[in-house]
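Q: The primary structure of each chain is shown beneath.
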Amino acid sequence: MNQFISVEDVPDINHLVDLALSYKQLPFKDSSIGRNKTLGMLFMNPSMRTRISTQIAARNLGMEVIVFNVDKEGWQLEFEEGVIMNGKSAEHVKEAAAVLGKYFDILSIRTFPGLINKEEDYSERFIQQFIKHAGIPVVSLESATMHPLQSLADIITIKENWVLPSLSGEGQGIRRPKVVLTWAPHVRALPQSVPNSFAQWINVWNETDFTIVQPQGYELDEKITQGATIMHDQDEALKDADFVYVKNWSSYNDYGIVLCSDSSWMITEKKLEKTNQAKVMHCLPVRRNLVIDDEVLDGAQSIVVKEAGNRVWAAQAVLSEILRTSEIKNR
Amino acid sequence: MNQFISVEDVPDINHLVDLALSYKQLPFKDSSIGRNKTLGMLFMNPSMRTRISTQIAARNLGMEVIVFNVDKEGWQLEFEEGVIMNGKSAEHVKEAAAVLGKYFDILSIRTFPGLINKEEDYSERFIQQFIKHAGIPVVSLESATMHPLQSLADIITIKENWVLPSLSGEGQGIRRPKVVLTWAPHVRALPQSVPNSFAQWINVWNETDFTIVQPQGYELDEKITQGATIMHDQDEALKDADFVYVKNWSSYNDYGIVLCSDSSWMITEKKLEKTNQAKVMHCLPVRRNLVIDDEVLDGAQSIVVKEAGNRVWAAQAVLSEILRTSEIKNR
Amino acid sequence: MNQFISVEDVPDINHLVDLALSYKQLPFKDSSIGRNKTLGMLFMNPSMRTRISTQIAARNLGMEVIVFNVDKEGWQLEFEEGVIMNGKSAEHVKEAAAVLGKYFDILSIRTFPGLINKEEDYSERFIQQFIKHAGIPVVSLESATMHPLQSLADIITIKENWVLPSLSGEGQGIRRPKVVLTWAPHVRALPQSVPNSFAQWINVWNETDFTIVQPQGYELDEKITQGATIMHDQDEALKDADFVYVKNWSSYNDYGIVLCSDSSWMITEKKLEKTNQAKVMHCLPVRRNLVIDDEVLDGAQSIVVKEAGNRVWAAQAVLSEILRTSEIKNR
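Residue numbers (this note's numbering), protein chains in the order written: chain A, 1 to 331; chain B, 332 to 662; chain C, 663 to 993.
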C-alpha cells in the first residue's frame, strides 16, 4: 500500500480489518517495524480522535511522531499554480510538501473542504498536491471529501459487533447485517467526507445490506453511493436495521448548503424501536439532543465510544501495511 | 492511588515526598514501569511548568506522552447535562472523556475556574465529569480550586530546605518550621487553587506551624484553612517565619473579585527582616515588583526556582504511584 | 561547544560540516549519545523547517524533545529589567529561563526581531537573557539577527554540491566557487537574520569568492559583511556565479523599512544565463513569482529542497557537538 486516501488504495479490506483486530489483541506485537521512521502529522484543521489515535498507533509500531499544526505553528500555504505570491500565503505546497517529504517517512494530513466550490473540493487538490510533491506515502487524516481512517474503524466495529450475535445461536451471523446510514440535523454546514467515505467502504466491502436515507436534496454523489438503497423516509429505512450510522452532512447538489433543520430526523429511542435492536454508530464529535438524543447515547445500543476506540487499531493497521508494503522509497 | 485531584487522594504524603526525592537523586531508576503506557495531557488553559515538568516526569518513567490543547487543537466541550447542543460546544464531555479513556492509560487535565459562579467552580464539575466518564486514573494539572502537583512540590521543597539547617547543628530540625502563606497584590483576578491547595496539604501534612495572612475579605474557604492560624496583619504574621509562601488570589467570599490592590502587601527585603531568614516561595509565574520585588527574587532567600524544579519529581512520584497501585483497569 | 548562537561559537566549521555529512550517511550512528537528555524547543514565532528538522535531529541522537509554543501555550514574557510587571507580561525571563534550565538539558529558542529598534534587536537581548539565566547550553532556532542552523545547512549544501562537479573532471573543484547573495523583492518587511548569518558564516569559512548584491539602501551591517564584495548591480554580480543565494531583507540602515519593491530583482531563468549554471539556494519559505519565479524553482538549477533537507544534519551535528563537548553542567 503506497498511500491511504480512499478505499481505492486498499487491496483487501478484510485483510486490514483482521490486522487491526490483531493489534487490538496485541498492540505491541509489531513494536519495532517502525523503528527509526517518523510519521509527520499535518493539521490544517482541528482534530481530536484522529490526532490522538493515530499518534498512539504510530508509537505502538515504534514510529516517531511529529505533529505540526500548519495553521497555528506555521503559516498559510498556497495551492494555486503559477500565482504571484504577494498575498497571505507565505509558502507554496510544492516546497512545503517536498521538504516534508525529506523529513518524514510517512506524511499524514488533515484538511477540510471549503464547501463553496464543489469541483475544487472533489478534485481533492490539497491532498493530491501533497501526494504529488512529497514523494513519500501520504495518509489522509480526513480530506475534503473522504475520511478513510474513520471508515476502516467503522467496518472493524461492524464486524466486531456483528460476529457476537452469531455466537448466541440466533443465526444472525449467517445473514448480512442491514446497515442504515441516516442523515440527522445540525446547526452548521458540515462536509460530506464521513458519509461519502462510509458509503464507499461499505459498498466495496460488500458484506452488508446497505441503505442510505436523507431528506430530499441531501443525496450524496451517485458515483459514491451506487449500490446502496437510497431512501427519503427515515422510519421506513430504519426498519429491521442492525446498525444505524448517524451523521449530518450539507447538501452535495446544492453544494455546502443547509437545506433542512427538521428535528424529527434526530435519532431517538422511539425511532430505534422499529430496528432489530440496532447498534447506533457516529464518528463523533456528536451534538447531543440535536443529532442523537441523550437516551440513545447513554443507552446500551450506542457503540459510538467503542467505535472511536477502534480508531487506534485502524490507524495502526494502515501504518503497518504502508511500512511493510510501500514501494515508495523513503527519503 | 486511583486519582490525584486533591490531598484526599493521597494515603501518605511523606511516602510521596520520599519517592519524589529518590527520583531527584536517580531520575531514571524506574524508567521502565511506564513502558507501553500513555499519559494524555489535556489543556483547557495555558501552562508552562506543569506542562513541561509532567512531560519530563512521564518520560523518566518510560511513558509515552500526548499533549492535546483542547482549546486550540480541538473544539469547545459541553459540560451541562441534558442540553440541546445547538450552540458553540461541538462535543460533550461524556463522549470526549470516554473516548480519551480508551486511548490513554492516565489522563491529566488543566482547567481553570470561571471565577463567576462559586458553587460551580467549587463543585469541580469539569474535572469530576472527566473522572466519571473516562474510566481511567485522572491527574489534576490544576483544576478550578486545587493544584495538588504544585502543593506536593511545595512540601518537597520545604522538607528539602528545612532538613539542611538541622545538619548545621543549630537545632532547627527538631522544631517545626513556621510557614506563612501571604496574599500579595496583582492586577488580575486569580483563582484560589494554589493557596487552597497549599493550605490543604500543609494542614494534612501537619509538620509545620502554619499561618495564613491576607487583607480583610480575602479569607479562603474555612473548610480548607481550618487548622491554620488566620491573620490580617502581614508584619505580625511574618515574624519568625522560616518559609514565606507568597501568592495572590481573588476573594472567596466576594467571589472572584479584586478587593485590594494595596502595594504595601508586596514582599520586599524589608518585610523579610522580621522573619527567621525565611526562604521565599511562589508557584510562578510571578509578576516582579508587584507581587515580590526584584531584590527578594534575585536574592539568596528566594527558592522559587528550586521549587519549580521540584515539580518534575512531584509529578514523577504521582505518576509512578498511580502506575504501581491504581486499581482502575486501564483501557 | 557551549552554545550555538552565531558562527563565533563554532571552533571549526569544517568539522561540523563533516559531522553533518556523516549523519546524512548514517543518521542513527550516534543514536544513544542523547539518551536521558531532553531538548526544550521554545517558539516565540512560527517555524516549519527549523521546528521539524531539529526535532528529527534530536531524536536521531536519542534525545527527548519537548516543544513549547510560548506565545500560544504559555503567556507573554517580560525582558525589561526592573519593571513593575502590571501590564501584559505574566512572567519575567529571569524565572522562565532559570526554570527551563532546570527542566531541559539543552534549550533551543526561536525569536524574531521587532524591526523597530535596531539597537535592541542587534543586542540580541532576548536570546542573551535566556543564555544568562538558563544555565544550560542554548541553541538559536533563529534569533533577532542571526540564523546559524540555516547557515550551517547552507555551507553543507554548498560543499556537497561543489564537490560533485570536481569529480566530473571539469576541474571546478580546484578553484573556489563564486557565491552570490542577492536581495530579492518581498511584500513584507523581513528580518536580516538569514542574510546576516549567511554572510558571517561564508566569510569565516573563507572557502568561496563571496559577493553580496542589493539595491542602494539595503546594505547589511558592515561588521558582518566585511570581506565580501559589495555590489548594487545584480546582473554584474551574478556573472559567473556558481551559487546564487536569494533572499529578501528589510533595510539595515533605514531600519526595518521596505525601500524597494522593484520586481526586476526577482530571480528568473534569464538572470541565471550569465552565471556558471549556478545552483539556486533559498532558506524557504519562498514566495513564488515574487522572490524567485516558477521556472527557476521548478528547474534543475534549484537546490532549495536539498538545502532544506540538510537542515536535519546541520541540527544533528550541532546537538551532537554540544552533547559531547559542552562544559556547561546540565541540571
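You may find that some hints are simply not true.
Calculated pairs, DSS-like style, for lysine-lysine (alpha carbon to alpha carbon, straight line, at most 30 angstroms) [to be verified]: (1) Lys355/B <-> Lys699/C; (2) Lys932/C <-> Lys88/A; (3) Lys750/C <-> Lys601/B; (4) Lys699/C <-> Lys490/B; (5) Lys368/B <-> Lys463/B; (6) Lys118/A <-> Lys419/B; (7) Lys699/C <-> Lys88/A; (8) Lys419/B <-> Lys901/C; (9) Lys780/C <-> Lys734/C; (10) Lys403/B <-> Lys88/A; (11) Lys306/A <-> Lys360/B; (12) Lys306/A <-> Lys419/B; (13) Lys463/B <-> Lys570/B; (14) Lys355/B <-> Lys24/A; (15) Lys132/A <-> Lys699/C; (16) Lys601/B <-> Lys637/B; (17) Lys699/C <-> Lys686/C; (18) Lys686/C <-> Lys37/A; (19) Lys699/C <-> Lys750/C; (20) Lys490/B <-> Lys463/B; (21) Lys29/A <-> Lys605/B; (22) Lys901/C <-> Lys968/C; (23) Lys368/B <-> Lys29/A; (24) Lys605/B <-> Lys490/B; (25) Lys780/C <-> Lys37/A.
These are computed hints drawn from the structure, not numbers from a lab.
Q: Against the structure shown, which of the earlier numbered hints fail to hold, in ascending order?
A: Those not satisfied are hints 7, 8, 11, 13, 14, 15, 19, 20, 21 and 25.
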